[in-house]
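Listed below, chain by chain, are the residues.
Number of protein chains: 4
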Amino acid sequence: MRYAPTDSPVFTLTTGPVDAYPAVLRGLAAPVLYDYDPAFQATYQRVCEKLQPIVKSETVPLLLQGEPILGLEAAAASAIGKDDVVLNLVSGVYAKGFEGWAARNGAKVLELAVPYDEVIDPADVAAMLKQHPEVTVVAACHHDTPSGTINPVGEIGAIVQAHGALFLVDAVSSFGGMAIDAASANADFFITGPNKCLGCPPALSILGLSRKAWAKMKATAEAPRASILSILDWEDAWKSSEPFPFTPSVAEINGLEAAIDLYVSEGPENVWARHALTAKACRAGMQAMGLALWPKSEGFASPTATAVRTPDGIDEAALRAEVRARYGVVLSSGRGETLGRLTRIGHMGPTAQPLYALVAVAAYGGALTALGHSVDIGTGTAAVLAAIDAS
Amino acid sequence: MRYAPTDSPVFTLTTGPVDAYPAVLRGLAAPVLYDYDPAFQATYQRVCEKLQPIVKSETVPLLLQGEPILGLEAAAASAIGKDDVVLNLVSGVYAKGFEGWAARNGAKVLELAVPYDEVIDPADVAAMLKQHPEVTVVAACHHDTPSGTINPVGEIGAIVQAHGALFLVDAVSSFGGMAIDAASANADFFITGPNKCLGCPPALSILGLSRKAWAKMKATAEAPRASILSILDWEDAWKSSEPFPFTPSVAEINGLEAAIDLYVSEGPENVWARHALTAKACRAGMQAMGLALWPKSEGFASPTATAVRTPDGIDEAALRAEVRARYGVVLSSGRGETLGRLTRIGHMGPTAQPLYALVAVAAYGGALTALGHSVDIGTGTAAVLAAIDAS
Amino acid sequence: MRYAPTDSPVFTLTTGPVDAYPAVLRGLAAPVLYDYDPAFQATYQRVCEKLQPIVKSETVPLLLQGEPILGLEAAAASAIGKDDVVLNLVSGVYAKGFEGWAARNGAKVLELAVPYDEVIDPADVAAMLKQHPEVTVVAACHHDTPSGTINPVGEIGAIVQAHGALFLVDAVSSFGGMAIDAASANADFFITGPNKCLGCPPALSILGLSRKAWAKMKATAEAPRASILSILDWEDAWKSSEPFPFTPSVAEINGLEAAIDLYVSEGPENVWARHALTAKACRAGMQAMGLALWPKSEGFASPTATAVRTPDGIDEAALRAEVRARYGVVLSSGRGETLGRLTRIGHMGPTAQPLYALVAVAAYGGALTALGHSVDIGTGTAAVLAAIDAS
Amino acid sequence: MRYAPTDSPVFTLTTGPVDAYPAVLRGLAAPVLYDYDPAFQATYQRVCEKLQPIVKSETVPLLLQGEPILGLEAAAASAIGKDDVVLNLVSGVYAKGFEGWAARNGAKVLELAVPYDEVIDPADVAAMLKQHPEVTVVAACHHDTPSGTINPVGEIGAIVQAHGALFLVDAVSSFGGMAIDAASANADFFITGPNKCLGCPPALSILGLSRKAWAKMKATAEAPRASILSILDWEDAWKSSEPFPFTPSVAEINGLEAAIDLYVSEGPENVWARHALTAKACRAGMQAMGLALWPKSEGFASPTATAVRTPDGIDEAALRAEVRARYGVVLSSGRGETLGRLTRIGHMGPTAQPLYALVAVAAYGGALTALGHSVDIGTGTAAVLAAIDAS
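First to last, the protein sequences are chains E, Z, R and B. For the record, in the first sequence the residue sitting at position 257 is 257 according to the numbering used here, with numbers rising by one throughout. For the record, in the second sequence the residue sitting at position 160 is 160 according to the numbering used here, with numbers rising by one throughout. For the record, in the third sequence the residue sitting at position 206 is 206 according to the numbering used here, with numbers rising by one throughout. For the record, in the fourth sequence the residue sitting at position 381 is 381 according to the numbering used here, with numbers rising by one throughout.
Keep in mind that the hints were calculated from the coordinates and are not lab data.
Since the list gives no way to pick out one identical chain from another, each pair is judged satisfied if it fits inside one copy or across any two copies.
Here are the simulated DMTMM-like pairs of lysine to aspartate or glutamate, each with C-alpha atoms no more than 25 Å apart in a straight line:
#: 1; residue 1: 50; residue 2: 7
#: 2; residue 1: 82; residue 2: 222
#: 3; residue 1: 50; residue 2: 261
#: 4; residue 1: 212; residue 2: 134
#: 5; residue 1: 239; residue 2: 315
#: 6; residue 1: 50; residue 2: 181
#: 7; residue 1: 108; residue 2: 222
#: 8; residue 1: 296; residue 2: 337
#: 9; residue 1: 218; residue 2: 58
#: 10; residue 1: 212; residue 2: 83
#: 11; residue 1: 50; residue 2: 266
#: 12; residue 1: 96; residue 2: 242
#: 13; residue 1: 218; residue 2: 99
#: 14; residue 1: 239; residue 2: 316
#: 15; residue 1: 96; residue 2: 222
#: 16; residue 1: 96; residue 2: 233
#: 17; residue 1: 239; residue 2: 337
#: 18; residue 1: 218; residue 2: 181
So that you can see chain E by itself, here it is in the shape it has in the complex (with noise of 0.2 Å):
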């Protein structure tokens, strides 16, 4: 029995989109209102006011009407100018895609790089900016997905303070599966979306933002106005006395709240604790099948995707569609310089419990082996349960 590529998967276990959480697939399905109907208007509030708990940014967070791709362009496009100096902090490809949007008001650019399966350490940024007294704006990625490694922004994002810089971060894949938020991460600029860990469709961005983020933003003379890419025209937005600047994704702001609903309601801790234990599993379930995990140690390992190597001779691409085909599991490959690389198992909102682990190990070691990697499968899931019934 193989499952034609037409065919509904029967797991999507990818590091997003991710199914949604049935609450939020019956928010989608809520009458549409109209946007400046008050019962919206409250609506959209109400979902704003929610957040800023659980984001634990200094100001009511900001929902832009597109996946956060949007809401890290624009927060580039509206945070840098001409004159300012960025840091950008490279341990993965999403940080190194930043690159290009710091750099569109004609901002200088500085590098902090690290291969792709390791992470900053705090220590060197702390020295980078000693000797760049002028940067202004320092960004990093909190999980950089395509290597499946979390960055220590909690401690860089002390540093960028202390520094005086403005610190941005892109924590997309990262929140709402782990302990971060704005707060801890000392970030200005607090980049996620519903998407990932929060279990809805991808369609909107929310951003935590500082004062000095707002501040920043309105002194920038290049921040977009009357644009999809503006932020400042979205400040008041959330008021459901004040105008939207366009219309809103009515159904998607719709299943957000059942997401957020659910978030709150489960608890937070227990969410991660999930995220946390399914990843746990997963790693372990692999290296028993003697795999190797794409991240240098397992320490920064992300508790939200599990990147594990492609073993030599082996196509990943090919690797992935025998997976699907098989089993009917759906995996996530690398990206840019990881593509090929590495295949990544998603942790996320709905899939992160740990049992999932247990189909992506056997799922992977099945077909690895079909493609005549030889794997124990019964190491491997033996191991994954063992796990499981340790926590």
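Once you have looked at the hints, place chains Z, R and B on chain E.
Frame of chain E, contents of chains Z, R and B only:
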């Protein structure tokens, strides 16, 4: 009995967002697939291909991941370079608003304007182009929603094409509700979305592009790349074999497919007929109550929205608030120059059913009377019925 | 423009099934849990317990897994034995229909009947019971839907209780739409369902039972066991610790919970008020068009359905067909003896909003006129508005 | 990490209710039409007619408005009169349970019984019928779910037909998951439902009836009329031109249509193949862990449910509770005589995907080990994979 502002409305008869068709709401609730899953990539291609026969564009319609204001801004950014000369045809607030985008890359912008209760005369366009052979791009708004007026874009487009300029048409709030498409508009950029007459929530743009449009964007140095504003990045994304520049709005794509299927299954001509009849009945009812339409001539009043002049001495915002509080009906205000001067009743998608005109006329008339401007509701509603019965 | 019989209707203004509230439809789409899963058993108990304060029964309300006709048949089968003498109070088709079930186990059935456009006089019940001290069970229909009339069950119930008989009340199409419950009806069997004024689809019965009712069923030898008709089998099934006699209708239970939550959150008094006003406005409009209500006195016309006498010479079925074809509005016919003699407009759950009366009056009037019985629609609709505005 | 009893389960791998297919859940959320609306009557007819080619009954399949236990009780009540002699073939709890219904109208009931881990031998039926020429009705349970065993109803049916008796088959939990239908079972009453292998929630019965079945019911004086137990009342209800005896479960009908469309579009053979493979993989895994199946021979183990004998000394209820608490997996117990002696894993509808066998085997093995009966999970899971890979 009064409806509180946060009570759910009973009827949303706005110019968009309107409520989505039930089948679209269910489409939004479909499982969220990974964007690179072949099953989703096949869906994405299928949706784009299903759009072509209804958009009637030379190339496969392109989706952008934001409501149509993104489509408009992106088209301007991609197609209009600093050396272009744009003729902006202004008969309303939305057309006027395009000016800023037209000029963003430094192009010169000429304007042909008429009062906002009139429409553009093709002969004036011809004269203007004769006078300005340097014009390279002409922009028009088919249905300038804040006025409820329909411009003769087909005739204008023929003139523009003969002139050799690029024709860019905003058909956001008319497409799907009347006989308009990229071919009949002679448009190179036919910019619309599913969130008006197709009955979807706001979150996507649909662009019907000519081969000339593609050539122009490729020749425009300023055309965005690696940006949410990029159209070029998405050129091949509709093909199931090609990557997406960034994650598409999966749930909204699912909803859109349901909308297209409904539209095709009902038959576009039948859909248009109920839009036209609803508008006609609405106009008849309003006029029978002694009220004036905003458009100077009923001949160019939109079949997808009826704009009614606010009687002297009436506070339009208070009037809409009364309509909602008293009857649970939500209507739209004017925008910009028309704000406070007219009220709009949308006839779009699921609300383009003749009997909704009855609801709108009675609720509007009842609230007007309550605010001191007495109208004869019986005469108004009888006129609505008579219009329906005459069809 | 005509709606084909298989086109989706625009307005379903029937006496049930009515369309469900959007939140109920989303509730139906919740994941289906195993009935013995503790999470579902907890849901089932919670739903039953949430019903008690609104049904106001002595014991926790009981759900049967079929639309309320099951509740009625099961109550008769369980409570009435061959030695019972039943007084059946007949003011309409539904009450008359109960006779067969009352007699199923061999009981003697007496009848107190009035014409179907009148209601039962409590004094007549008192007299009848005095004359027939042997009566052990009295059955009444609160809202005999095919007549649109409301019987004074509270007063009747007090008389029945004083007599010492069991009082069985069919409150299927009134509960949730007006002030009626097991306590105020003095009912031992208060039989209703969620598919009328609570705005659910048809599939469940709700029984509010007194302790006396339970005692009587246990003493009735004929009471079904191991049957879908058994009430006794379900006695403890609401407790999360107890088994179900057979699988409950999981999805419908989920929908019901959403309906209860809506009802409680809106506030029963508010819900009743909009039912009452919708009915009042509907009656006003119909009468203003010179039409007669079916109930002899407006004093006992139902707030949840308006029955309009069909004018002489009009084919009632053709009239409803015309209402649907011309306007997309679905209305209900009479049943049995009232079939062909009246048309019913439901005001139930989501359609109990005053402006729906406008839709009904106009559509009914328009179709009537089209069939040759001219009425003044303007006068009708103005009367609807006047009734709403006077509230 | 432990799942609380009221936490949502992660996997519902029961013998029904199982979770519905996503498309079915969305079908349940479709607008609720009035049952007498011609659009709904057309839907009802279409659903019944779509069932015929898959149920393969002589007459258009009939729907009853309650889960299949209603179908079974109604069939017994309608087809078996006091003068009938019934041969009840008993290989499990459900078949035994039919005895009470078979006898309800006073018929004589003979029994051919085997131990509950065996199945009926057609030769024994032939012998019994030879010995008892007076038998007029034979009843069999195709898949006696509490045992997970499949009876050879096709062969038995041929013998019954040759004898001239009526053959009544309970195919509730096998239909849709394997090659079984009214024709191949030689059944006069083929009683099933959409809530097992078709992936709907429980709330409807499907009856495939032969012309002989209809004749017998019409000749049976005791056959219920004007009752929820009546089949005869529904004879013509499938026709869009005919009335319903009472209101059908509109939402469930909508869900059923979605299920049928899925089933036909996937292809019944493909659906059966994944049921069979899931069961085979599950059996392989369980046996590899040294556990015994409940069925004496794997040859008659069901492809839609795997029954595993509970190892000596293990409390089966505690075992299932541990499976749920530890892994979030819900399994089914035995029933009646098999309660406490086996655990059942369902392979039905959406859960009939081979990798679910992996989940079940690991979770069952893990919990068993936790309770002190150590098994080798690695060996079990490897056997599951091997079975899948061999397919």
